[in-house]
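A.B. asks: One-letter residues, chain by chain:
Number of protein chains: 2
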Amino acid sequence: MPAATKFTLTEDRIPTHWVNLLPDLPGAPLPPLNPGTMEPAGPDDLTPIFPIELIGQEVSMEPEVEIPEPVRDVYRLWRPTPLYRAHRLERLLDTPARIYYKYEGVSPAGSHKPNSAVAQAYANKEAGIERLVTETGAGQWGSALALACSLFGLECVVYMVGASYDQKPYRRAMMESWGASVIRSPSDTTESGSSQAQHTTGSLGIAISEAVEVAASHEGTNYALGSVLNHVCLHQTVIGQEAMAQMEMAGDEPDVVVGCVGGGSNFAGMAFPFVRRVLRGEAATRFVAAEPAACPTLTRGAYRYDFGDTVGLTPLMPMFTLGHDFVPPPVHAGGLRYHGDSPMVCGLVKAGLIEPRAYRQNETFEAAIRFARTEAILPAPEPAHAIRAVLDEAEAAKQAGEERVILFNLCGHGHFDMSAYDAYLAGKLEDPEFSEADMEAALERLPDAPAIA
Amino acid sequence: MPAATKFTLTEDRIPTHWVNLLPDLPGAPLPPLNPGTMEPAGPDDLTPIFPIELIGQEVSMEPEVEIPEPVRDVYRLWRPTPLYRAHRLERLLDTPARIYYKYEGVSPAGSHKPNSAVAQAYANKEAGIERLVTETGAGQWGSALALACSLFGLECVVYMVGASYDQKPYRRAMMESWGASVIRSPSDTTESGSSQAQHTTGSLGIAISEAVEVAASHEGTNYALGSVLNHVCLHQTVIGQEAMAQMEMAGDEPDVVVGCVGGGSNFAGMAFPFVRRVLRGEAATRFVAAEPAACPTLTRGAYRYDFGDTVGLTPLMPMFTLGHDFVPPPVHAGGLRYHGDSPMVCGLVKAGLIEPRAYRQNETFEAAIRFARTEAILPAPEPAHAIRAVLDEAEAAKQAGEERVILFNLCGHGHFDMSAYDAYLAGKLEDPEFSEADMEAALERLPDAPAIA
Chain A
1 MPAATKFTLT
11 EDRIPTHWVN
21 LLPDLPGAPL
31 PPLNPGTMEP
41 AGPDDLTPIF
51 PIELIGQEVS
61 MEPEVEIPEP
71 VRDVYRLWRP
81 TPLYRAHRLE
91 RLLDTPARIY
101 YKYEGVSPAG
111 SHKPNSAVAQ
121 AYANKEAGIE
131 RLVTETGAGQ
141 WGSALALACS
151 LFGLECVVYM
161 VGASYDQKPY
171 RRAMMESWGA
181 SVIRSPSDTT
191 ESGSSQAQHT
201 TGSLGIAISE
211 AVEVAASHEG
221 TNYALGSVLN
231 HVCLHQTVIG
241 QEAMAQMEMA
251 GDEPDVVVGC
261 VGGGSNFAGM
271 AFPFVRRVLR
281 GEAATRFVAA
291 EPAACPTLTR
301 GAYRYDFGDT
311 VGLTPLMPMF
321 TLGHDFVPPP
331 VHAGGLRYHG
341 DSPMVCGLVK
351 AGLIEPRAYR
361 QNETFEAAIR
371 FARTEAILPA
381 PEPAHAIRAV
391 LDEAEAAKQA
401 GEERVILFNL
411 CGHGHFDMSA
421 YDAYLAGKLE
431 DPEFSEADME
441 AALERLPDAP
451 AIA
Chain B
1001 MPAATKFTLT
1011 EDRIPTHWVN
1021 LLPDLPGAPL
1031 PPLNPGTMEP
1041 AGPDDLTPIF
1051 PIELIGQEVS
1061 MEPEVEIPEP
1071 VRDVYRLWRP
1081 TPLYRAHRLE
1091 RLLDTPARIY
1101 YKYEGVSPAG
1111 SHKPNSAVAQ
1121 AYANKEAGIE
1131 RLVTETGAGQ
1141 WGSALALACS
1151 LFGLECVVYM
1161 VGASYDQKPY
1171 RRAMMESWGA
1181 SVIRSPSDTT
1191 ESGSSQAQHT
1201 TGSLGIAISE
1211 AVEVAASHEG
1221 TNYALGSVLN
1231 HVCLHQTVIG
1241 QEAMAQMEMA
1251 GDEPDVVVGC
1261 VGGGSNFAGM
1271 AFPFVRRVLR
1281 GEAATRFVAA
1291 EPAACPTLTR
1301 GAYRYDFGDT
1311 VGLTPLMPMF
1321 TLGHDFVPPP
1331 VHAGGLRYHG
1341 DSPMVCGLVK
1351 AGLIEPRAYR
1361 QNETFEAAIR
1371 FARTEAILPA
1381 PEPAHAIRAV
1391 LDEAEAAKQA
1401 GEERVILFNL
1411 CGHGHFDMSA
1421 YDAYLAGKLE
1431 DPEFSEADME
1441 AALERLPDAP
1451 AIA
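Going down the list, the protein sequences come from chains A and B. Note that our numbering numbers the first sequence so that position 75 is 75, with each residue one more than the last. Add 1000 to the 1-based position in the second sequence for our numbering, that's all there is to it.
Next up, chain A with everything else stripped away, as it sits in the complex:
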């Protein structure tokens, strides 16, 4: 009888609260800034596009925020998600490390994104909003919001990055199946889109500008963002809380927690409940954040105030940034192609609590294939970065002869990314690096905001 493979919680173990790390962080939080006045952005800057409930969550200093029962009710459709011990992968690697992974790909949209989409759709519905507008790159967030809106009876409009719209018609069809309208970005439906029409393949930053513009200029319409912001990271902490309970079932305690980082939400969701224990002196866990070498925000970016979007419609956020108009090479991990990152994650990197690492595209797919042929699940290109980091940790444990316990977040499946696998297996996957010259030029165009202490 082998040790258990899968640690399953019953649905009454879905967390009742989200974990808010903000009050545990050292020092006062850095506020977002109004780009006109350079003063801290207040509710007036945000109410045109967000409901007051989410604005409250964004700045809350309560260590726990209660999850509304209708949100938990939707979570029941796929939560609690399973936690696995990767016995087969451990044998392949011949490592003394014990590897565990939380699998968020069991959600109907295929990733962790619905954890926040459902919370956001509910808060907007309660506020009397009728329509949500958002952007999507790889399609994971757009799918999640389309799903959440269908469950709460909201209209949903998704600006989809042009290159993805063309390459991923099935992601579009998925959103439409849940009733959303999907518009190719840059579009002529907004001034932001029209002003960026020369960028025919679009970018996440442009799509955000379009969505924010529509939300700000229409009554009854709000905007929803799938990562970066504090309230999105907050919603995702159901992942880490469940994982903590499941690690207890397994009788193990992680030495290192690993996740991929694009905007930071899946990483935060897994890591923050564990980070809190470290900040409170209750544990000595390490944290590793894996990002693409093609968009190396945490490893190569400047720690500065910058816009969240390309056109400059959002407040300025304190974060590692490659510059708001930097356009990363078209790697398949579309969810990681963002010029900035969650301010909370960035602050923890700056403080040395999180170790960032950058990986090339081909080495992440090589890791994904090894994972798929032992653990069976085909990972999305984004968590393939986390798997790459896990293989390195497991090898380091082997070299050191250490029983290292590794926990990572497998945040989604790759069912809509098979063309990337196809290219990898055919030896045709490109391995682009970011352009240092482009990044430096973009950094020179950073807004003239106060430096971060």
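All clues given are correct.
A few chain A residues that face chain B, going by a derived Cβ cut-off under 7 angstroms, partial list only:
| # | residue |
| --- | --- |
| 1 | 10 |
| 2 | 76 |
| 3 | 150 |
| 4 | 170 |
| 5 | 173 |
| 6 | 373 |
| 7 | 377 |
In silico BS3-like pairs for lysine-lysine, Cα to Cα no more than 27 angstroms straight-line:
| # | chain 1 | residue 1 | chain 2 | residue 2 |
| --- | --- | --- | --- | --- |
| 8 | B | 1006 | A | 125 |
| 9 | A | 6 | A | 398 |
| 10 | A | 6 | B | 1006 |
| 11 | B | 1006 | B | 1398 |
| 12 | A | 6 | B | 1125 |
Quick caveat, the hints were computed from the structure, so don't treat them as lab data. It should be emphasised that the depicted structure is a prediction, and the values quoted were computed from it without experimental measurement. No residue lacks a Cβ here, since even glycine has one placed at the ideal position from N, Cα and C.
Position chain B relative to chain A; hints supplied.
C.D. replies: This is chain B only, laid out in the frame that chain A set:
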């Protein structure tokens, strides 16, 4: 606090035995026949392509067959699968019926198919076989066998129906990611394929002929079939056994069990444990089998001995058939486009225990969309047929003012079928009927075998 949505079993509740319905069936089982002699096919007819362990399971009269521990160990990667109460769908339908569904789409290949693929790969590995050859239509079975072979270190070759090979490159990429070789059928790698080269888009029957030919003519190579045969239905009974335990958790008892039928394996897997209780006089459950009107085997076929493949390499099977060389219209439910059906399922239809119903393509997608927008999961086109039947049952319960308990098998997700959803939403989905003239012509070409009593 709503009633539970999801009924979750821990992994120690994975069944230890498969349920063999054969000894409970009334009368002696109808044997397959050697087409040359018209005598019952014996082990000599089957050993060139199947291991003795599976041949034994095919004819076993033991009511339970023990599941080997290495097979259960792989099952742990996704089993037990969840059972859901469809609260949201019930509210949409405003029905007094209580609707439950078992969700097999959580397997890494996305359907119930790995339940048998893993068992077959293991039995072949134990018999010293190095390579398995199979066919696939929609790609679900090919994916499942590719996965199972990767986990047990077997080579895997998949003959993929030409039309699917061209339309579903991502299914091909999935199989290749797990290490399988995928060949477009009809191919020039076999005599069977060469003889059918005029059928450029291929058919399941032709692909079976190719795979069987390769297995029969190569030492160390066996064939694996994803449905129809008794041992495949046997392996799938983990579904119904788990569902029975989960319905007990829910405190409910199904009045009617619904599934879609192509070759019959997902239907049998869910239904047979419940059928046994009916045959033993312990319950009065009804059973509904949903099939496509474009390939109406159970509702319009002849109950006769026929080949399982197009060329005529297999033993003759007693079943409802549209004729072994009938080519159904290209509906998107590729897994239901088979001229015959499981002999065990056919016998139960003939005996009146299972009610077959045929549905048109558009009405099944309409049902799938309603399901997706309430229960969140995007169903594959095959179980969309089951959902269509469930909506009818729920409406009948409403008309009758009955608290009918409906249980169905949601055997897979539709992530690789989004082009079909896209066509449906654009109003461009065809609604083909089968050709009565083609069927009658095919039935005239049935082999000259004994009639079935």
